[in-house]
Amino acid sequence: DQQVKQNSPSLSVQEGRISILNCDYTNSMFDYFLWYKKYPAEGPTFLISISSIKDKNEDGRFTVFLNKSAKHLSLHIVPSQPGDSAVYFCAASITGANSKLTFGKGITLSVRP
Amino acid sequence: SAVISQKPSRDICQRGTSLTIQCQVDSQVTMMFWYRQQPGQSLTLIATANQGSEATYESGFVIDKFPISRPNLTFSTLTVSNMSPEDSSIYLCSVHPGSWAQETQYFGPGTRLLVL
Chain A
1 DQQVKQNSPS LSVQEGRISI LNCDYTNSMF DYFLWYKKYP AEGPTFLISI
51 SSIKDKNEDG RFTVFLNKSA KHLSLHIVPS QPGDSAVYFC AASITGANSK
101 LTFGKGITLS VRP
Chain B
1 SAVISQKPSR DICQRGTSLT IQCQVDSQVT MMFWYRQQPG QSLTLIATAN
51 QGSEATYESG FVIDKFPISR PNLTFSTLTV SNMSPEDSSI YLCSVHPGSW
101 AQETQYFGPG TRLLVL
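First to last, the sequence lines map onto chains A and B.
Under this note's numbering, think of the first position of the first sequence as 1, with each following residue one higher.
Under this note's numbering, think of the first position of the second sequence as 1, with each following residue one higher.
Errors might be hidden in some of the hints.
Said to hold, decoys possible - Below, a list of computed lysine-lysine pairs in the DSSO-like style, where the Cα atoms sit at most 30 Å apart:
1. A:Lys-71 to B:Lys-65
2. A:Lys-100 to A:Lys-5
3. A:Lys-71 to A:Lys-5
4. A:Lys-105 to B:Lys-7
5. B:Lys-65 to A:Lys-105
6. B:Lys-7 to B:Lys-65
7. A:Lys-54 to B:Lys-65
8. A:Lys-100 to A:Lys-54
9. A:Lys-100 to B:Lys-65
To be verified - Output of the computed footprint for chain B on chain A, the stretches with three or more beta carbons under 8 Å from beta carbons of chain B:
10. 45-52
11. 72-80
Bear in mind the hints are in silico, worked out from the structure with no lab data behind them.
Quick reminder that beta carbons are idealized off the backbone N, C-alpha and C, glycines included.
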C-alpha cells in the first residue's frame with residue numbers, strides 16, 4: 001500500500017515558467033513532509049520541508065504548500081531553471097516515530113532551455 | 001548538514017556472494033538508516049542502524065539477509081548476503097543529525113549494485 005503517492009511520473013516545463021510537483025498521502029498521522037531532489041548517480045538532496053502546523057513554507061525559488069484536509073502537498077519552483085532538471089521525491093514522517101521517512105516514487109522534472 | 005560518504009560507489013557481483021557497504025559521516029549523529037531504491041521505485045527503508053545494539057528492521061527485511069553494524073556514532077555497514085539479481089539496487093545510507101533537524105534526513109551518494 002503506497003502511503004505517499006506521486007501520480008505523475010514526469011513533468012516538462014519551459015525555462016522561466018513555474019513547475020508544480022504534486023504529492024498525495026493517505027496516512028493522516030503524517031505531520032512532517034519533505035521534498036528531496038536527486039540527480040543521476042547521486043544521493044537525494046534535501047530541498048525543503050513543511051510541518052503540518054503550517055500550510056506554506058518558502059525558501060527562495062521553492063515553495064511547498066500543504067492542504068491537510070485534502071492530504072495533498074505541492075512543490076512550486078519559480079522560475080524554473082535547466083539545473084532543476086532532476087527526480088523529485090516527496091516524503092512524509094510522523095514526529096517521534098524514530099524519524100522514519102516514507103517516500104513517493106518520484107517525479108522526473110525536465111526544464112527545457 | 002552532515003557530509004556522508006559511502007564505499008563502494010558501485011559494484012558488479014556474482015549471485016551467491018556477499019557485499020559489505022560502508023557509510024561514514026563527518027560528525028556524530030543520533031540516527032543512521034539504510035534504504036534501498038530498486039529500479040523505477042521509491043526509496044524503501046531497510047533498517048535503522050542502532051549504535052551499540054542490533055538494528056531495527058522494517059517489514060520484509062531480515063538480519064540474515066541484511067546484517068548491519070554500527071560500532072560508533074559516525075560509521076555503519078550494511079551487508080547484502082547471498083545475493084541474487086533481485087538485489088540489484090541503489091543502497092543508500094542516511095542520517096538524522098539530531099533533534100534540531102526535526103525529521104529531516106541527509107543522504108549519502110549511494111552504492112549502485114548489479115548482481116549477475
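Status of each hint after checking the structure:
1. A:Lys-71 to B:Lys-65: Roughly 36 Å between the alpha carbons, so the hint for Lys-71 (chain A) and Lys-65 (chain B) is violated.
2. A:Lys-100 to A:Lys-5: 17 Å, holds
3. A:Lys-71 to A:Lys-5: 11 Å, holds
4. A:Lys-105 to B:Lys-7: 25 Å, holds
5. B:Lys-65 to A:Lys-105: Roughly 24 Å separates the two Cα atoms, so the pair holds.
6. B:Lys-7 to B:Lys-65: 19 Å, holds
7. A:Lys-54 to B:Lys-65: 41 Å, violated
8. A:Lys-100 to A:Lys-54: 21 Å, holds
9. A:Lys-100 to B:Lys-65: It holds: about 21 Å lies between the C-alpha atoms, which stays within 30 Å.
10. 45-52: holds (count 4)
11. 72-80: Our answer is that it is violated, as 0 residues pass the Cβ test (under 8 Å) against chain B, missing three.
In terms of the numbered hints stated before, the structure departs from hints 1, 7, 11, listed from lowest to highest.
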